[in-house]
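First to last, the sequence lines map onto chains A and B. Using the working numbering, the first residue of the first sequence is number 1273, and each one after it goes up by one. Using the working numbering, the first residue of the second sequence is number 1273, and each one after it goes up by one.
Everything labelled a hint here was simulated from the structure, so no lab data went into it. Watch out, some of these pointers could steer you wrong.
Unchecked claim - SDA-like, lysine to any residue: derived pairs with alpha carbons at most 25 Å apart:
id, chain 1, residue 1, chain 2, residue 2
1, B, K1356, B, L1274
2, A, K1527, B, P1541
3, B, K1527, A, E1510
4, B, K1343, A, A1399
5, B, K1356, B, H1544
There are 2 protein chains.
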Amino acid sequence: MLPVVVVHGGAGHVPRTRAELSTAGVCSATRAGYNILKGGGSSMDAVVETVTQLENNPVFNAGCGSVLNVKGEIEMDALVMDGKTLGSGAVSAVRNIANPTQLARLVMDQTSHSCLTAEGASQFARAMGIPEVPLESLITDYSRMRWKENLAPGANPVECQMGKMGTVGAVAVDTEGNIACATSTGGILNKMEGRVGDTPCIGSGGYADNNIGAVSTTGHGEAIMKVTLARLILFHMEQGHSVEAASDLGLAHMKSRVGSLGGVVTVDPQGHWAARFNSLQMAWAAAQKDTLHYGLYTGEHFTQDLDDPH
Amino acid sequence: MLPVVVVHGGAGHVPRTRAELSTAGVCSATRAGYNILKGGGSSMDAVVETVTQLENNPVFNAGCGSVLNVKGEIEMDALVMDGKTLGSGAVSAVRNIANPTQLARLVMDQTSHSCLTAEGASQFARAMGIPEVPLESLITDYSRMRWKENLAPGANPVECQMGKMGTVGAVAVDTEGNIACATSTGGILNKMEGRVGDTPCIGSGGYADNNIGAVSTTGHGEAIMKVTLARLILFHMEQGHSVEAASDLGLAHMKSRVGSLGGVVTVDPQGHWAARFNSLQMAWAAAQKDTLHYGLYTGEHFTQDLDDPH
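Pulled out of the complex, with its shape left as it was, chain A reads as follows:
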């Protein structure tokens, strides 16, 4: 059953024009993560590489392609967590960085802290030799178009928000049984400057514990935080529920208690995995036993031999 990696490209409503690109993006990132695991790499290496690829893909709301805040700028959040030590690293409201997930990992590995924010995170990035990238290099035409639409008189921010591509994330178990998660996001469209969502908040945007499993979440950050969705699902697993049942219980609780939809990818230490959502869509993929699994709409589950050309 091991190794395994499970990846999401955000829950929500994926515009038809971007559906194929989303699926291709998560499948490609999943292959990259799986190759690391197959080569004996750690689950942490695998999830960081997977999410880095999604950050570099302008189709997703993370890294390049992040949504713009109310000022037309980009501030990003990211989290990694190591299920062996329960150590984590996060950055919030970080600017001018191509790969916030890699910076989050450096926070975990190179400091005694778990989260650095805003200018403090930028200072740390400079100290680590991470190059600053121009804001323009992270903004896509699509992001700018949606930002302008949403500022227009008569715009419906809720409608606009529904069209958003969500957060990206991954969970993995390596051949040694170590479990990790990573989550990265540009946040929500037209957010206030300095808004921090669920992603860098441990237990909400993600959680990993070798004794239980790991979860990476996507959806409306403020709702996910209300129910600490990642930790909630793992508590259900501690009570004996399967990865699938626990994920569905967590999502159902978020819907009934705070009226919000979302999605998750979940693994347990044995390598059982789930990609579950109650939003209209979630681009997801998983790789295990040399098979790639993927889907976008509820009930969709395609498979492909990983040795087949792609």
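For chain A, the structure is supplied; the task is to place chain B on it using the hints.
Here is chain B on its own, set in the frame of chain A:
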């Protein structure tokens, strides 16, 4: 059993010279919170007023009296949570604000977000008409002395850290059965600029749910986040454990899994309450049925009629 308010002034090692001031401070703040509840005020009003008083008291590591970061400056974190809606408000790495908890409440009440950080939080504070205060007004001689000691050659940061006064916080249940929590901190001594701890992280620094109860935590932030201590204790209560047993189980798990000590104040919807810690000391107080309860060392539990002069 209702109303009730339970307050902590931080877990750790309280220097002998400050023990009496700590106890007096938490007792006074607890009285203020209880008076609001007795007058029909909400649990949210009570916890915000209680924590505001502790922020204004230079004895505690929150607001005035906060520890200094590595640059000799103050950056503060705070969280409030409303157990009825599960709505929350937080600020992280905020500067030049006397009462971060009041700003956190404005984030909850006046924005669609749950957390604002750093300069974005400052901008919001200005927009809300919150006055900026000079850094110097928040720094005490004691804070500066400890900062300098810790920068000196041969300083033992761990030893110095042990002497810190922790985070402050409160939980309350009002006569309508609504539950709230608030937590506020200056963080850890000589922290990096931009370091965010457990306090503003929902589920770690605090959590409140009318259906379960509320917890406010104190201790080493990075360790508290590893186990999402507040939410963990509430999960134990959902499994049928008492406030006291659930608090002890959560603290014991943090000790065994990540080797760290701390303390919590906990309530359930019926008004059962606990103030528990496995650190050497935690200044705590509670008010219920016109009786004030308080203590500092393990096993200490003094009571006083709230009508008695103080």
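Now the hints, each set against the structure:
| no. | hint | result |
| --- | --- | --- |
| 1 | B:K1356 to B:L1274 | holds (16 Å) |
| 2 | A:K1527 to B:P1541 | holds (23 Å) |
| 3 | B:K1527 to A:E1510 | holds (19 Å) |
| 4 | B:K1343 to A:A1399 | holds (15 Å) |
| 5 | B:K1356 to B:H1544 | holds (18 Å) |
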